[in-house]
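Participant: Protein sequences appear in the order of chains A and B.
The number in the working numbering is simply the position in the first sequence, starting from 1, with 4 added.
Here the working numbering is used: position 167 in the second sequence is 148, and no number is missing along the way.
Hint data in this document are derived by calculation from the structure and do not stem from the laboratory.
Don't take each hint at face value.
Keeping only pairs whose Cα atoms sit at most 27 Å apart, straight-line, the calculated BS3-like set for lysine-lysine is [stated by the list, open to error]:
1. B:43 <-> A:77
2. B:124 <-> A:225
3. A:225 <-> A:191
This structure is a prediction, so every number in the text was calculated from the model and none was measured.
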Amino acid sequence: MQCRDFREVADSYLSDELLVETNHDMIAHLEACAECRRELAARRELRTTLHASFAHSEELQIQDQFADRLRSKLRDTATTEATSLILRRRVGMTIAACLLVAGALELIAWQRQRAQAPTQIAGGERHEPNVAQVKPADDQPHPAATAMDAEMVLAKMSELAAGDHRDCAIGHRLPDMPIDLAEAGRKYDRAFLNLTQAVMSHRDQFAGAIELVMAHACVFKGHWFAHIVVRHRGRLVSLLVTRLENPDQIAATKEKLPKNPEPQVIACSTAGGYQISCFRTAHHAVFVVSDLEEGENLALARELSAPVYEHITRAEVLAEFRG
Amino acid sequence: MFKRIRQLDRASQWAAFELEALPHLSGLFRLAMWLVRERAEAEDLVQDTFTQALQSFHRYEKGTDCRAWLIRVMFHINSNRRRANARIHLISQTDERIAETVAFDPPTPQGLTEEEVLRALRSLPPHFEEVVLLSDVEDMTYKEIAKTLGVPIGTVMSRLHRGRKLMRAELASYANSRGIGEQHAEKEASASSRGN
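Extracted from the complex, chain B is given alone in its bound form:
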């Protein structure tokens, strides 16, 4: 009888996992690919994420955002992998200092291509890039991002603010090089200097 119960339990758990978690496979892969850049490594990360998620599926609270839960699992696995690499940490500290030196916040240009937007996101320092990604692409709340990255919510907000500002500056330079929004930027700069 217990064998039958186990089979039924396994079948229902798999059915729930298939229904709740597997539809997010493509989205999670895109995120993994963006984070690690190499296809083979992204496949490893996604496989580990879903295997871990399946084993821990009894911890997932039904009715909550399964995608956010899977992203949390993925970031946890990925950060464990990166932890040994001290070089990334040093770079990010330098980048945070650079981000603070961007004084002028240009107006957001319009009419940008998808390629330019992705390039600008990629140009951000890793700590800024990941919060902008989680907020503006994955639509996670600040609270969810803080939980995923294991940092205070204030840190999330500060990184988002600086990250978006850097991204706007990068995009403005692309737009200017194509002749979009130069006049606007000049007008904005003069308004900014007047202190509005």
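Chain A extracted, bound-state conformation:
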């Protein structure tokens, strides 16, 4: 990529409107070109100043009197008959829907009755349906239900992980400055301490080479992540570790700690064009995010999982021991 090309799309890069491949080209160019780094910083500063100038400009501010007047007017409008036309329609539609559902249920009941009638005649006695086939027992939760909840929570959190990968590893545009992993480990989460060493000390055992790009702790949408970025097969890959908010609630089984000492690594979702593989420990969720193929990303996550799982579990046990 030439400087001229870089400057053509620098603003789209800041707006996160470029393809992943172009983002990689931009990062590669940034690493080599000090002049374009300065230009990008200047454009970012210009946006920040523009934001601030709008927020600070006295002439653009709303007057309290007008705001109060408008709020009260809107509240009156909302609570008078002016909006009740829509509501009346809605109530009418609800009644119509109820009638339709009742009709449909009646029809289904009639059809079932018709279907059962020949059985009674042929068998000479009434056919009793097997209750177990119709409905599972209510007194025990379905074994798959809690596991599914856990997967759903991880899938939801994986969107945050993908966002952090995009805005931090790829875009370098997190609003809050990342901090040192050791500092975050001391202040917030002891599992972050020495995490980089735990990963990189095993790199010789991995099938594909990985090269450390950066490691820090960062905040994305209110969640702290230990964030290790490595290069693998020429692509940037994020390893993100975050503390589970309610680990007991999303435990896949009744046991809080997984019985199996091996981490269960799954390809949990795709978000924003990134593949996300994940696994969990008793109190943490771990994500591997990249734009590699799904299989490649999962394979790398599986390789990384052993040292990471061991390191975090040890930290969790120590934390519990210390109370």
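Add chain B to chain A, keeping to what the hints say.
Facilitator: Frame of chain A, contents of chain B only:
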């Protein structure tokens, strides 16, 4: 019973509107003030926007960006008001031609004041000004801007490109007049002429 249901429904709708839409009142007012420039007119525009939004609140998809939805409502009302004024259209066409003639893209100066940045934004032709505003101040995506203005996404991108370029040129002139970044601009101009 239906009266009670209606009251409950109205109360819950107002509670949702108060929670989702009203926090954006100040931000929407700043945008309206920037667009129409007169306080009385901005108040009218904001009042119409929120009244319309309240009446159409059942169309708002919960969980989506309420601010972007309100901005869309505001631009729709504002463009209806402006439609009668043909003069603006003629000016914007002329301005688009002017924008294409800006050949040199100077480096973005640093250390500018907030006042200078606002002045440079104000100096843009209206079509460029509104896309830069929606993108760089309101942080809307290109797709959202296209939807708000009712133009193709390619048009948004082209206007943004030209608008930002014009703005940088304007800012460079302010910076030069204060002695900021002159050397940088010269260096950049020579690099540009070499074709990098």
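Participant: Take the C-alpha atoms of residue 43 (chain B) and residue 77 (chain A), compute the straight-line distance between them, and say whether it is at most 27 Å.
Facilitator: Between residue 43 (chain B) and residue 77 (chain A) the Cα gap is close to 23 Å, so the pair holds against 27 Å.
Participant: Does residue 225 (chain A) sit within 27 Å of residue 124 (chain B), going by the straight-line distance between their CA atoms?
Facilitator: 23 Å, holds
Participant: Keeping to a limit of 27 Å between CA atoms, is the pair of residue 225 (chain A) and residue 191 (chain A) held or broken?
Facilitator: Status holds; Cα separation ~19 Å.
Comparing the model with each numbered hint stated earlier shows that all of them hold.
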